[in-house]
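One-letter residues, chain by chain:
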Amino acid sequence: MTEIIQQLVNGLSLGATYSLVALGLAIVFTTFGLINFAHGELITITSYVTYGLSVLGIPWAVAITGGLFTAIISAILMERIAFRPVRGKPPTTSLLTSFGVSLILQALIVIIVSPRTKTVQQWSWLGGSDIVGGLVFPRYQVITLVVALIALLAMVFTLKKTNIGLEIRGAAEDLEGVRLLGVRSGRLVVVAFAVSGLLAGIAAVLIMARTGGSINPHMGLLPMLSAFVAVVLGGFGSLGGAVLGGFILGFLEVSLRAWLPQSAVGLTTAIIFAIVILVLRIKPSGIMGKVIEEKV
Amino acid sequence: MLKIDSLSANYGQIKAVRNVSLTINPGELVALLGANGAGKTTTLGCIMGTVPPASGEIFFENKNISRLAPEDTVRSGISISPEGRQILRSLTVYENLMLGATPRKNRGEVKADIDHMFDRFPVLFERSSQAAGTLSGGEAQQLAIARALMASPRLLLLDEPTLGLAPKLVDRVFEVITDLKKTGLTILLVDQNATRAMELADRTYVLRQGRVVAEGTAKQIGGSDGLSMAYLGNETADDVSKNGLNSKVKPNQKGQVS
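Residue numbers (this note's numbering), protein chains in the order written: chain C, 141 to 436; chain V, 115 to 372.
I should point out that these hints are in silico values taken from the structure, not numbers from a laboratory. Backbone N, C-alpha and C define an ideal beta-carbon position, used for all residues, glycine too. Incorrect hints may have been included.
Restraint-style ranges between C-beta atoms, simulated for each label pair [as the list claims (entries may be wrong)]: (1) LEU400/C <-> TYR125/V: 57 to 65 Å; (2) HIS230/V <-> LYS301/C: 20 to 28 Å; (3) TRP265/C <-> LYS177/V: 54 to 62 Å; (4) LYS300/C <-> ASN139/V: 38 to 46 Å; (5) LYS225/V <-> GLY228/C: 31 to 39 Å; (6) GLY151/V <-> GLY173/C: 27 to 35 Å.
Now the stretches of chain V that chain C is said to cover, found in silico as 3 or more residues with beta-carbon under 8 Å [what the hints assert, rightly or not]: (7) 172–185; (8) 212–222.
Can you build the whole structure from these sequences, using the hints too?
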């Protein structure tokens, strides 16, 4: 029982991290139909900026803020420089563009910093563990869970209760339709990318906490792929589905790693993808995805 | 108020609108009629900025709006209840109305206006917190009109507001349009209930194959007979006026059918 609860918390904390990445991906996809495969590099950039600032001896709070700020700016620049010129072109063009951006950013980090793994000096408050109700939880899991939940709740509030949130949800359903209502698509692009950058940045900090501060130029790839699968699983076009998909993936990953026999742990990812395929066989539009109606 | 000057536009490869000129004066209800594919919706698209004009200019309150993006057209004072209603199905009725008010700054006024809409369209009040996707066709149409009004436009475009509605609901929509006309709002109406639209309108333009083939009051066009002549176009506008079959049709100087 104890172990189950501990694994549950671990699953929630990993799932919440995936949800943040997936939500950022989904906001950009639902509003502009762009699958941004360079989304993972926003995680990498945040981590390296945080690392760089920490190395310079800057206090952790400032270093993290710097990382988050850079993620937001990078996301906006990404759109301005790479994606805007290919807007209105076939979706494959922007998809390939995002692959290109991803590769270029990875290469830049390899060239400018180093191809090797670096370690961010771990923040003292991340160590140790918390005892809640007689159960012991690693501190980083508790913090991850709390931070991610606050971020998700803030997003829910923004999407549900503010004007810009309403515009984003409207654009997620029909971008051209909301432009006819006066929604400025240019401003919306900037906001959507900025939000996706912020969410990726927060996720980066949580990932660093989970991995003990170990960072490398390709660290964004796996979270990005997991988030992509989460979005597909939850249902493309559904913001809530992306969050749900993130949590499901987190749970699956943690549970399989915990309870698979030692010899089969290597199959974790394969089993997760098999389950995803099964779900999509049953419901091709994803768990919360709407069936796209053909216009007559 | 609105002046379209020799507008041409393409819909894909097709020349959907050819050399159309059209004027709407303040406070007028103008009907834009024609068969399917005559170019009505493309004309409205050009006004709103969703379809780029191939040539020609559109002026609204003496300002050239021909190349404005849709969001800027709305800000200059024109809003539309689009064909097929295009309500946002996943949002609530209330949220649809709020989005309609996007160009406006004063949120207090917007809230008061939503209450006005609920008075005018009681059915929307009953469903205000429901997802708009659950509305019936007639309710969705009323939402589309109310949402367009939330921008507090000076010119309202209505594209096929009665399409696919049961006769009773068609009556309801025409009642709404009649009420709006009484408030002095300037309206451009596209509707398949051509005779009814023409009778309600101050003036009517008839499009055929992208050209204006008749324009004027219901009387000038010659009632429903004149209208079907203009629609069908089995005789040219010239023939029509010569034969006296429909002597009241005023052939358009620019838009003659060859």
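Hints, one by one, checked against the model:
1. LEU400/C <-> TYR125/V: 57 to 65 Å: holds (58 Å)
2. HIS230/V <-> LYS301/C: 20 to 28 Å: At roughly 23 Å between Cβ atoms, LYS301/C and HIS230/V fall inside 20 to 28 Å, so the hint holds.
3. TRP265/C <-> LYS177/V: 54 to 62 Å: This hint holds: roughly 59 Å between Cβ atoms.
4. LYS300/C <-> ASN139/V: 38 to 46 Å: Once the Cβ atoms are compared, 43 Å apart, the range 38 to 46 Å for ASN139/V and LYS300/C holds.
5. LYS225/V <-> GLY228/C: 31 to 39 Å: holds (37 Å)
6. GLY151/V <-> GLY173/C: 27 to 35 Å: Check passed, 28 Å falls within 27 to 35 Å.
7. 172–185: holds (count 3)
8. 212–222: holds (count 5)
Taken one by one, the earlier hints all hold for this structure without exception.
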